Amino acid sequence: KEGRTDDNEETIRTRLEVYNHQTAPLVEFYREHSALKSINGDVSSEQVTESIKQVLA
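Numbering follows the numbering used here, in which position 47 of the sequence shown is assigned residue number 49; successive positions increment by one, without gaps.
A portion of the hints provided could be inaccurate.
What the hints assert, rightly or not - The calculated label-pair distances, taken between Cβ atoms and stated as ranges, are:
| # | residue 1 | residue 2 | range |
| --- | --- | --- | --- |
| 1 | Glu-12 | Ser-36 | 33 to 41 Å |
| 2 | Glu-34 | Glu-4 | 38 to 46 Å |
| 3 | Ala-59 | Asn-10 | 39 to 47 Å |
| 4 | Lys-39 | Asn-10 | 30 to 38 Å |
| 5 | Ala-59 | Glu-4 | 31 to 39 Å |
| 6 | Gln-49 | Asn-22 | 24 to 32 Å |
| 7 | Ile-54 | Thr-25 | 17 to 25 Å |
| 8 | Asp-9 | Ala-59 | 33 to 41 Å |
| 9 | His-35 | Gln-56 | 16 to 24 Å |
Treat the hints as calculated values from the structure; they're not laboratory data.
The structure presented is a predicted model; accordingly, all values stated were derived computationally and were not measured.
C-beta atoms are modelled at their ideal positions from N, C-alpha and C, and glycine is treated no differently.
Please construct the entire structure, taking both the sequences and the accompanying hints into account.
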């Protein structure tokens, strides 16, 4: 299975650290302010697109 050329243990560790320090707090902030919308990404791209359109409408 092909992956990204920079997929290695250190890069993944860095990505997780960035997520935990930068992204996760933003998610919680928007959740607390009722401004977070979740989209199911386990469906077809067409269904994801429709869900996004509905959230943005």
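Consistency of the hints with the structure:
1. The beta-carbon spacing between Glu-12 and Ser-36, approximately 38 Å, falls within the hinted interval of 33 to 41 Å.
2. Distance hint check for Glu-34 and Glu-4: the Cβ-Cβ separation is about 39 Å, which falls inside the suggested range of 38 to 46 Å.
3. For the hinted restraint 39 to 47 Å between Ala-59 and Asn-10, the CB-CB distance of approximately 41 Å keeps it satisfied.
4. A C-beta distance of roughly 33 Å is found between Lys-39 and Asn-10, which places it inside the suggested range of 30 to 38 Å.
5. About 37 Å separates the C-beta atoms of Ala-59 and Glu-4, a value consistent with the hinted range of 31 to 39 Å.
6. For the hinted restraint 24 to 32 Å between Gln-49 and Asn-22, the CB-CB distance of approximately 29 Å keeps it satisfied.
7. Range check, Ile-54 to Thr-25: Cβ separation about 19 Å, and the 17 to 25 Å hint holds.
8. Between Asp-9 and Ala-59 the C-beta distance comes to about 37 Å, which sits within the given range of 33 to 41 Å.
9. Taking the beta carbon of each, His-35 and Gln-56 are about 20 Å apart, inside 16 to 24 Å as hinted.
Of the numbered hints given earlier, the model fails none.
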